[in-house]
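K.L.:
Work out the full structure, taking the sequences as your base and the hints as a guide.
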Amino acid sequence: MRRRLPEWFVLLLPAFIVIAAVVLIPLIFSLYSSFTPYKLTRPSTLWRWVGTYNYQKILTDANFWAAFGRTVLFLTIVLNVELLLGLGIALMVNRVTWGQRTLRTILMFPMMFSPILVGFQFKFIFNDNVGLVNNVLQSLGITDMALPWLVDGRLAMFSIVFAEVWMSTSVFAILILAGLFAMPRDPLEAAEVDGCTPWQTFRHITLPFLMPFIYIAMTIRSLDVARAYDIVQIMTGGGPARRTELLWTLMSRTGYVDARMGLANAMGYVSIILSILFTIYFFRKLSAARAEIGLEG
Amino acid sequence: MDRNRTHRNRRRVLAWMHFFGLFIVMAIICIPGLWIVLNSFRPTVEIMAKPPVWVPSFTLDHYRAMFGGAGEGGVPVFHYFRNSLVVSVTSTVIAILIGMSGGYAFARYKFRFKGGIFVGLMLFRAVPGVALSLPLFIVFARVGIIDTHFGLILVYVAMNVPFTVWLTDGFFRQIPGELHEAAEIDGCTRWQAFWKVEFPVARSGVASAAIFAFLTSWNEFALASQLTRSTGSKTMPVGLLDFTAEFTINWGGMCALAVLMILPALILTFIVQKHLIAGLTFGGVKG
Chain A
1 MRRRLPEWFV
11 LLLPAFIVIA
21 AVVLIPLIFS
31 LYSSFTPYKL
41 TRPSTLWRWV
51 GTYNYQKILT
61 DANFWAAFGR
71 TVLFLTIVLN
81 VELLLGLGIA
91 LMVNRVTWGQ
101 RTLRTILMFP
111 MMFSPILVGF
121 QFKFIFNDNV
131 GLVNNVLQSL
141 GITDMALPWL
151 VDGRLAMFSI
161 VFAEVWMSTS
171 VFAILILAGL
181 FAMPRDPLEA
191 AEVDGCTPWQ
201 TFRHITLPFL
211 MPFIYIAMTI
221 RSLDVARAYD
231 IVQIMTGGGP
241 ARRTELLWTL
251 MSRTGYVDAR
261 MGLANAMGYV
271 SIILSILFTI
281 YFFRKLSAAR
291 AEIGLEG
Chain B
298 MDRNRTHRNR
308 RRVLAWMHFF
318 GLFIVMAIIC
328 IPGLWIVLNS
338 FRPTVEIMAK
348 PPVWVPSFTL
358 DHYRAMFGGA
368 GEGGVPVFHY
378 FRNSLVVSVT
388 STVIAILIGM
398 SGGYAFARYK
408 FRFKGGIFVG
418 LMLFRAVPGV
428 ALSLPLFIVF
438 ARVGIIDTHF
448 GLILVYVAMN
458 VPFTVWLTDG
468 FFRQIPGELH
478 EAAEIDGCTR
488 WQAFWKVEFP
498 VARSGVASAA
508 IFAFLTSWNE
518 FALASQLTRS
528 TGSKTMPVGL
538 LDFTAEFTIN
548 WGGMCALAVL
558 MILPALILTF
568 IVQKHLIAGL
578 TFGGVKG
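Chains as they are written, first to last, in this note's numbering: chain A, 1 to 297; chain B, 298 to 584.
Heads up, a few of these hints could be off.
So, partial list: chain A residues that the calculated Cβ filter (under 7 Å) puts toward chain B [what the hints assert, rightly or not]:
| # | residue |
| --- | --- |
| 1 | TRP8 |
| 2 | LEU12 |
| 3 | ILE19 |
| 4 | SER30 |
| 5 | ILE106 |
| 6 | LEU117 |
| 7 | VAL130 |
| 8 | ASP230 |
| 9 | TRP248 |
| 10 | MET251 |
| 11 | SER252 |
| 12 | GLY255 |
| 13 | ALA259 |
Straight-line alpha carbon distances no greater than 25 Å define the calculated BS3-like cross-link-like pairs of lysine-lysine that follow [to be verified]:
| # | chain 1 | residue 1 | chain 2 | residue 2 |
| --- | --- | --- | --- | --- |
| 14 | B | LYS493 | B | LYS571 |
| 15 | A | LYS285 | B | LYS411 |
| 16 | A | LYS39 | A | LYS57 |
| 17 | B | LYS407 | A | LYS285 |
| 18 | B | LYS407 | B | LYS493 |
Footprint (simulated), chain B over chain A, 3 or more residues, beta carbon under 8 Å [unchecked claim]:
| # | segment |
| --- | --- |
| 19 | 89-103 |
| 20 | 277-285 |
Calculated from the structure, these hints are not laboratory results.
Don't be surprised by glycine CBs; every beta carbon is placed ideally from N, CA and C.
P.N.:
Here it is as C-alpha cells:
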C-alpha cells in the first residue's frame, strides 16, 4: 500500500509549486547566467562559462558601488523618517476626540496609490515648468526663478525621498495607531498617579508596548523596499548624470537597455541579498519584540 | 491664580499646535491626490499656462479623449482596464485559496523545520520585482507565455502567496483548536469543519489578505512592464507610460487615467477598511 503524504504537506504543496515555478526556477536560471557573458542579442553566449568574471567586474565598478551606497543610504533615511513621522502622526491622531475615523481613512489614502502613479504624480508636482511646487513658490514671490527640482542632483534626491515617504508613512502610522488602540489604560493611569512626566510615560510605557507594531510595519515595508524602483524610474530614471541611480535602476538599465543580462543578473543577486538581509533583520526584531510583551505562541 | 492662568494658556497653545500639526499632515497627504483629480478636469492650455492660472476651469476633454479616441493615437483604456481587472481578480482569488491552505497548515499542524520553511517562504516575497523580471522575461519568452494574461496571473499569484500565508496563519492560530474538534465530534468531516466553523471566524483576516493581494496586483509595475507588450495584456500601470512621449508628457490625459486607476482601489478599500487594520495587526502580532 502506498504511504499517504502528510496533510500539512498536501496543504502547502500548491504554494510550493507556484513559488518554485515563478520564483525559484528563474532565480536558479539567473544565478547560472550571472556566471556567463549572456547577452540578449546573442543567445549562444549563454553557454559560455566565465566563472566569477561578472562579479569581479561589478565589485570593481565605481558606478555600481556608488549606486549600492546610495541605495543603502536611501533606505536608511527613508525608513527612519517614515518611522518618526508615522509615530508622530499616530500620536496626534490618537489624541483627537472626534472625527478619528475620517482621519484614519484619509491616512490610508496613499496606500492605495500605485508606486508608479506616485512617481508620475510627484514628477508632475515637482516639474520645474508647470509643477505645483514651483508655481506656488513663484506666485508667493519666494523665488523668482524656477527651482530645478528633478534636474539638480540633490533636489532630485530630495524629491524622490519625499515621494517615497509620502507613499509609505501611512503604513507606519496606521499600524502604530492600531497599537495605541490596543494599549491597556491601567499602566498609563498608574504612571500618572506616580508622577511620571509625559515624556517618561511615553518612553517607558507607551514605546515598549508599541515596539512589536513598529516591527510589523518595518517587516511589511522591508518586504517591498524595491518598490522605490518604480518611483525613481519614473521621476528621474536614475539621472541626472547618475545622481539618483539606485541599485535597481542600474540593474534594469544594464539588463534591458544594454542587454547585458549576465552582468545585470549578477547585480540582481546583490540586490536580492540586500533585500533578504533587511527582511531577516526585521523578522528577528519582530519575534524578539513579541517575546518581550508575551504574545509569543 | 496666576499659575492657573499660565497653565490654561499652555494647554490652549498645545491644543492649537496639535490641531495645526494634524491639519498640515492631512493637507500633505491629500493635496497630491486632489491635484491629480483637479488637473484631469482642466484643459491642457491651462495646465501648461505660464504664469499659472489659479482659478480652474472645467472640461471633460481628457476623459472624452481617453474613452473615445482609441483610433487617433489615443490610449486603449478599456483594454488596459479589462486586463488589469482580469489579472488582479483572478490572481487574488487563486492566491487566497493557495495561501489560505498554506496558512492553515502552518497554524494547525506540527512538522519539522516549520519555522525555517515559514521564513523561507517569506523571503521569496522579498525578492525585488526588478531583479526577478530579468530571468522571468527570458524564461517566459522560452515557454511562450510572455504577453499573456496567464503569465502575469501566475507571477502575481506567486508574489501574493507568502503574504497571504503570513496573515491567514495569524488568524487561524487565534481560533482555538477545540472549535473544529467539537465540530468533528458532531459529525462534520475535517473539510466541513473548516468551511463551516473555522473559515467564518477567520473571515476578516482573509478579507484583509485579499485586499492586499488585489492592491499589489492592481498597482504592480516593475514586472508587468517587462512581461507585457501589446494591448492584449498591458495593465493600467504600464498603460500610464503611453502618455509620455520622448520629451513631452500629456499631463491631463495621464491624470484622467490615474483617476480611473485609483477609483476601484479606493472603493474596494473603503468597503473592507475595517478588516484591513484588524488583519494586519492580529495577523502580525500574534502570528
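K.L.:
If a hint holds in the structure, say so; if it doesn't, say that too.
P.N.:
Hints versus structure:
{"no.": "1", "hint": "TRP8", "result": "4 Å, holds"}
{"no.": "2", "hint": "LEU12", "result": "5 Å, holds"}
{"no.": "3", "hint": "ILE19", "result": "5 Å, holds"}
{"no.": "4", "hint": "SER30", "result": "4 Å, holds"}
{"no.": "5", "hint": "ILE106", "result": "6 Å, holds"}
{"no.": "6", "hint": "LEU117", "result": "5 Å, holds"}
{"no.": "7", "hint": "VAL130", "result": "6 Å, holds"}
{"no.": "8", "hint": "ASP230", "result": "5 Å, holds"}
{"no.": "9", "hint": "TRP248", "result": "5 Å, holds"}
{"no.": "10", "hint": "MET251", "result": "6 Å, holds"}
{"no.": "11", "hint": "SER252", "result": "5 Å, holds"}
{"no.": "12", "hint": "GLY255", "result": "5 Å, holds"}
{"no.": "13", "hint": "ALA259", "result": "11 Å, violated"}
{"no.": "14", "hint": "LYS493/B to LYS571/B", "result": "23 Å, holds"}
{"no.": "15", "hint": "LYS285/A to LYS411/B", "result": "19 Å, holds"}
{"no.": "16", "hint": "LYS39/A to LYS57/A", "result": "16 Å, holds"}
{"no.": "17", "hint": "LYS407/B to LYS285/A", "result": "24 Å, holds"}
{"no.": "18", "hint": "LYS407/B to LYS493/B", "result": "23 Å, holds"}
{"no.": "19", "hint": "89-103", "result": "holds (count 6)"}
{"no.": "20", "hint": "277-285", "result": "holds (count 4)"}
In summary, the structure is inconsistent with hint 13 from the numbered list given earlier, while agreeing with all the others.
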